[in-house]
Amino acid sequence: MKKVNQINKAASLMTRRNLLSACVSLALVQMAGAAWADSGYGADNLIGNADNPGYNAGPAQRDADAMEAKRTPSGQLYEIPRVMRETPSDGTVSGEVELGLMHSDDRNRYSKRNEYSDPQTSGLLIDSFSLSLENAQNNYFLNLNGGAPGQDDQFYNLLFGSYNDWKVKAFYNETPHVFSDTFKQFYTLNGNTLLPVAAAANAAAAVPLLNALPDTEVGLKRQKGGVRADYNISENWKVWGSFNREERKGERPFASVGSSTFVEGFEPINHTTDDLGIGLGYTDKLTSFNLRATRSEFRNGISTLYTRTPAGYVAGAAFTPATVAVFDMPPDNEAYNIKANLTHKMPDLAGSVLNASYAWGSSRQNDPLLPYIDPVADPGNTQPNWNGTLGQTTSRATSNMRIDTQLFNLAWSLSPVEDLSVKAAARIYETRNKSGIYYGYNPLLGAWSPGTPAGLAAAPTAGNTAYISATGAAGGACVVPPGFTAPPGCVGAATSPFMGTDVFSTPRDYKQANFTLTANFDIDETSSLEGLIERENFDRSYRERDKTWEDKWRVGYVNSALKDATLRTTYEQDRRSGSFYDPLAGVNRDINSYFGIFGIPYSRAALINLITNAGTTVGGYTYPTLAVTQAALVNSNHNLGGWQRSDIADRNQEIFNARLNYMATSNLDIGGMLQLKRASYPANANKGTERDDLNTYNLDFNYQVSAGFHINGYYTRQEGKQRSRENYSPAAGGDAGIAYAQTVCNGGAAFATGAALAANLDCVLNNLVNPANAITVDTHSNEDVLGIGLSKEFGSMLFDANYTYSKGRTMFRHAYIAGATTGVTAAQALTEFPDITDEGNALDLSLLIPVSKDASARLMYRYESFRVNDWHYYPTTAIGLADRGPIGFDVNTIGVFMNFKM
Amino acid sequence: MIWGRFSCKGGVLGVLAALLLIFSTGQAVAAEAATTAMTQDAATYVGEQTCAGCHVTENKNFGHTLHAKVFRQNPKNEAEKQVCEACHGPGSNHVANPTDKSALISFTKSWGTPVAKMNEQCLGCHEGGNRTNWGGSIHQTKKLACSDCHNPMAKFSANGLLKKGSITETCQTCHQQQRAEFRKKSHMPVPEGKMTCSDCHNPHGTDGPRLLKADTVNELCYSCHAEKRGPYIYEHAPVRENCLNCHLQHGSNNDKLLKMSRPMLCLQCHDKNANGMGHQFMDPNINPATGTSNLPSTRIGRACQNCHSQIHGSNSVSGARWRR
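So the protein lines, in turn, are chains A and B. Numbered by the numbering used here, the letters in the first sequence go through residues 1 to 902 in order. Numbered by the numbering used here, the letters in the second sequence go through residues 903 to 1226 in order.
Please keep in mind that the hints were generated in silico from the structure rather than gathered at the bench. All clues stand as given, with none of them false.
Derived pair list, reagent style BS3-like, types lysine-lysine, alpha-carbon separation capped at 25 Å: (1) A:Lys70 / B:Lys1003; (2) B:Lys1044 / A:Lys677; (3) B:Lys971 / A:Lys167; (4) B:Lys1130 / A:Lys221; (5) A:Lys285 / B:Lys978; (6) A:Lys853 / B:Lys962; (7) A:Lys70 / B:Lys1019.
Here chain B stands alone, though its shape is the one from the complex (with noise of 0.2 Å):
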């Protein structure tokens, strides 16, 4: 089997560590690579007061900004000394035509500059880290460019140079599906600013899907819920294998982010039985006229976990049923 040439984790580790050794350069990160190629189109830096004599208001508001913080207070190589230049690339040319837009690198999409290019220059120095899974990832595919989220030349978030007020509204700009979701009757509380996207996914890319920051989805649930991580003696297989098996995991029109009401949420895979337990599923013996019922337990409240209350696992001798 594959993993048995693998079932050493220090091995494994050990790999990637080696092979980090092998491809480390040593270099400083790619803002010097930028910075030649800049150099190699004839442009020269023209130094930051240049910039602000014309751009006086994008310097105005530029000024609160991390980057500006870190560029004039403590810039760790060359590029970062360049503070404009930095991101935009090396202004002479720029200054020489104004409206010449293959002078410089901007950000916005009417200047035009490849969304490709725009990423380059903005990974030139946040390559790696968060950023290590970008290339091929979704956002990436798409054709997102770091500036469809990221707004530098401003203060807008209280963190992260988000072109929105918070991430939460960031992603929404296009994520409106999930908008509608956390609306919902039941849904993380993400409206109420205790959750936000980046709690679960990071959009800058993962090597698992839907850009969920743990290796599974229980896994990423099991950091907020600890409680259901178990492993139980008595366990439910669909609960095991993955969450969503049953949840929800932006809101549900349904009690705790269930996917169906219940009981027809456990009926999807467990029936009816009416010889043996009684249980009669069916049949709601509702008075619309006054709202009230005679439903057995099986529906009413949490119906089949009015009983089965341990459903996410049991580890009590008795808890083969998830009863006890």
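Chain A with its partners taken away, still in its complex shape (with noise of 0.2 Å):
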């Protein structure tokens, strides 16, 4: 019988690629040894693409002579070997290669056909290949594959060695990203400069010069390399090594720029990034130790991207700082990391084993700052970028950011008594930011930002107040940060009734952590019993919370010896609260741009003295009035009026978790997976993020009908519904203004002086809003997933069939409420969003025809359509959207190929 080379694939587990990749993964046959990374370290655990997935490549037809269906212990069915071409054990050298032509009835690219892959449409394909030489008698080997070359998404693996002495792996893969097929390239790179291809007013005037560009792709290529070398010093010791290089080039959808033009533009992107590991290793009976040491370093080809503004526009017009958008871009930075881990067995103590980890890592960027006013959009601008005299206003000259980390974890597990095994663990992660404060002030000058560049009328000198009042006039405050001193000329005292500025960084920090106690019951070798509890403790810093606590308890039931099944399931509680919630945290900064003034104070007690004293002058200041206060504090930008922010909210979860596996007959599986999410925020009722649910269901079977007969699908759906409430803040009727908050926490009277305002601060925050003016919001998510897979052999060939169906929809429904809100008529509340919905459809048809014992033929056919509706690229003058979403595409592709061995 003609052995023949084959892959057999279960669709219901596999993409919608995976016939050509099942027969093309013939490839891989030889390809031996770990992952490149490995389960503990790294990425990189696969080097291929979507036509060869990883995938083992094997003769065509199932080993007959293995059919006894044999499960696994939780009862699924294994998959049936595949009769493997026997090769020499002595000086080895064999190989493969396959290649074709394919042809697609459409050749254009589509976002969502190429995001991650580069499928040929048309012409020669070398798919695959691989070389694998084997020298048993001195226990080398070498193995060698690829796929792809010349395509977006080639990739490439090299690994040799001595089996179970050393190895050495090399990888080189292309990974393509495309964002958008539809992009209309409104500006032109010059350097690192974006110059719009034409002038235009505003956005309006934007669309139609937009509707007249092509469409065009945007999208970057990964580009990554790597080596790691593996030995085993002795049976105890291992040391490794590893080096990756990856590059990222290309462009991506970016902001839209242009003040009111808002002409979207592109980010283009020349990024690098190198990796580097070492590790060493021990293990003997009772004793396990790894202990790694790595180091990331991320270098931006363009770190600072200018944008000219349409508005005006002039091609070879000099610069102007009004008419060039200047963007700071992903700044260089590096990451270190040291890590230990160590386990002990004590046998011998109640069979304990004590497991403990440290970590230390430490994230670091120091890029040169723009000053304020930057040269570029300045051009007659020669200063230093700080501390210079045109207005530059940054504290430093570099930016100084560093996070330190450490983990801490701990456990120590024991069975006490016969089947009852317990485990208690601690574990404690920690930031340490050590960046200090960023100001963004001007030493020399005394001067803050945000500055006005257009005031720059009066060429400021030392000893010009003019930037330096608190309150913005001459002659007023001064306002100096801690570690600076007054600049000559500083009128007024060193210190200032307030901390700080608009301006300055916040160095958050973060501290976490898990207290678990588990137990596991063995009610007998087939069934256990699991029970958990948890707190989680998180101190933040310069959050609304200082702290939030989670406490967590789990029941779990396992039997593998049900009648014909395996039933595995969970079930979970969450409670999280945490200390006073201070909407003040996230309110400051956003005072002071209503202020308008500065110096307004970093802390509470600051600014609670600065609305106590509201209209009155103290020590030569003049404090804004209650009015202006309080007008400041309700339009404060993006405040939630106390809504307690998503991500430190209290919050009550609960988690239900099933698989069951049942054994139909002795070659039919059946499984069923449930999961049952519910979270819900009570202290936001009837205000921000309420509720947040996700149910997926699944069903799925495996028939192995005969060694050359297999029959595959499944199908999931999953739900996902979440209610929050979007604020509405009237500005008209009798909640407008402060309005609410005095009647929630005034009885209805207007605060008479700033004091009594101050009294009742915290009641005012948490009251801007009346809930009942707030519009509910319902999204519902839904993904529904069908796949069927067959696999037929006829004599010596083999017929291969997946098909794959995904639906996705997103509704969102809102509540208005008529009459009070403002800016929503009455009409418009009818009106609701589209639903966001795509829809795919795969399938793969493959047929494998052995033409001698070392050819084989395969002829294919895969159509793909795929459908999209989303609003966010609706056509619209509000904005000059360059990027105009994905589209949907039909295309059928056909392709002969060759299979040849050696």
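Put the two chains together into one complex, using the hints given.
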């Protein structure tokens, strides 16, 4: 019987490109050894592409001698091995290549077809190749394989070494990422400057120009290569080292720029990341130890992006600060990490196992800071980027940012009595922000940003107090941040009633501590009960809540000896609460914008001082009036009115999981899976995020009719439901301004003095918005996925068919309150956002025909379709949208391949 | 504070190293213990050829696997030299009575060897390394056997001796939810063969939650998205704390794997202010019949991020609002 190369794929578990990948994965048959990285460290565990996603290749036919249906301990059918090509064990050289011709009836590129892959649409394709050298006598091996040379998703692997002694792995892998295939290029890149193709006064004028531009593809490509060496020093000791370099080049849709013009641009990407790792491991009967050190370095070839605004653009004209948007792109950074873990067994101590881990890390970046008045935007400016006299407002020349981390984990497990195991664990993770506060402050002038670049009519000199005053007026109090001295001519005291200004960084830190107690009781050899309790403490700095804590308990049950079935199920409840929720933590900076005053306090005490003294003059400083203060509180940008931000809000959560594997017959598996997740936010009842639920249901089957005939399939549905309240702050009516807060906090009366307001500040800030005027938003996000696969041998031929269908729908339903909201007409109140929908089909058919002992032919047909509707990309004149979103496609592809082996 | 005692990184590492020296017995991996145990059961090794005499098919398929190459070409200890019996235990009792299921260690459901025993056998050689945290891990407490994911008796996968052709396929025999999530409109490139489950997870156990390979979610994400690492002068608090505050880890119906569509995502924490900023978040103003709208920039396209484009953080002096 001729042995042919073939891959059988369980359609239920494979992508819509299964067939092609199945057949071409034959090339991987001789690949041996471990992953490029490993399951404990690093990425790049899979070096392949859509047509070769890491499958092992083998002869086409299943080994009929191995048909006896065997099952995993959980009851799932094992795959039937394939008849492998026998090769001599001494001095073996083998290899194969698959190449052929493909043709698609639609050769266009689509962002949802080419998003991460580069399928050949026409012409010759070397789909995959492999080479394997074995010298059993000397215990050496070498495996080389790759695929799609010349395509954007090409890949190559090399592994060589000596079994059980050492090995070296090297790889090169390309991953495309297409963001859009309907992008209107309104800008061209000149160095690191985006220049408009034409002038446009506003978005409405830009849109026709955009519409006239052709669709282009915007995306990037990751090109990554690496090498890793593993060496077994002895039976107990092992050492490894690795180095990877990845380059990412391309473009992606980016911000809209141009002030009122609002035309979307793109971000040019030229990123390089180098990762270096070394490790040491020790293992014996009772003890294992791992030590790992890594360094990652990121470099951005375009760290500053200038975008010339379309309004009034004249090609070749000199820049002015008002006509150029300056973006500081992701800065160069480095990260270091050292981690050690130790496990020791003490079998005489109730079967104890002690596990300890420690890790230290550091993330750093020290990019030069852009001056507020950039030399490119202001060609006459030759000042240094800080401490100059032309309005540069940086307190340091470089960012000098650094966050260190530490992890400490200790776990002790033991079996105090038979059939019972208990584990106690403590895990503490902490960040230490060593960056210090950055101030937008010019030490030479005592000037703060945001300054007014256009307000440089009077060139500031040392002693010019025009930019110093806390009130914006000359001669006012001089505000000097900690660590700086008042510059010459700075009027007033070196200290200020206030602590900081609008523009400063917040060096956030957090500490997360988890304490867990777990118990497992073996009812018998096939079933067990699990119980878990856990407390998580989370300390945060500079957030609305200093502390949150979450209590969790969980019970689980496993039984692998149910009548022909295995059941695994868990139920857990989580309760998160926390310390006082201080809306001021998010308000301070916002208030400053509306006061237009520099020197607004950063601390709660200072803000209360500001409010208490509203309208009075203290120490030569005239505080804003009570009316101005109240208006600033109300108008503070994006204040939630006391609604707890969802990531730190009180939350009650329940999660139920169940998985059943049923052995319907000796060769038929049926599986069911269910997850129900409920999350509610009690503090945000009738306001903010209220609920976040997610339910997932799955049914699948696997039927091994015979050694050469398999059928499998699955259906999964996922339903997500979120409810939140979105705030309308009515400008008129009974709840205008601070009126509702006065109703709740002051019996309906106005606050007579700043002191009265300050005394009720927390109540006011938590009741700036009447929840009755909030709009309910229900978001339902559903997904249905269906997969069916079939593999059938006809004599020496193999037929494979795989079909996958997916459908997604996201619905938004609002409950408007007519009359109570501003800006919404009755007609508009009846209009909903359209559902966002997507639907995809993929059908793969393949027929493998052995031609000779060393060659086989494969005929393939593939159909792919995609449909999408997303209102984010609807035509509009309100903004110059360059990215017109993904579009649908229908593509039929046929191919003829030959596979040759040696 | 507890950290005060451990603030010296070198000190902690030194402690661990000292413990290693104390605990280290220098003994070979526990395969020898397994060898001793089997002997104590009065069974003896019969040799690979005896096994192959009956198990022709198994031997044929096994011969192509990494275990076979290692055991036959370069065994490092007595257990490995036994080849078949390195895993299944001494086979003399099994030869004497092939139907006696207590006479041999097997790794399939029907044979009935307890899962704990199966795993103990595998860990006899594969203890430590990436399995250091196996004890008490979620897979272990759920009574998963090594052979629930691995099948070293034949070559199915390119590496790892998996029961399926790939890591992804193997995981998805139980994790069907994630399989469906990878089919969503926006997803990690797992179906495209550019990523796999073990790029983020260590299924053998970790010292953190969700079997993540890094100490935190963010550190894991930065391994591929280093440009987001910063630290930035102006940080977005929920970003610094956890990427999953805004993103989903496997797939989403929304762009960029976001948990919710923009601007609704942003509105979970930030409100719309009709008075000051004029951000009209609501009011869809869409004509479903024509598909056109005059949605303002706060909703169309990237919504809030049309202006707040540096939402992950900014190093610009004008970046306090993440617009530069």
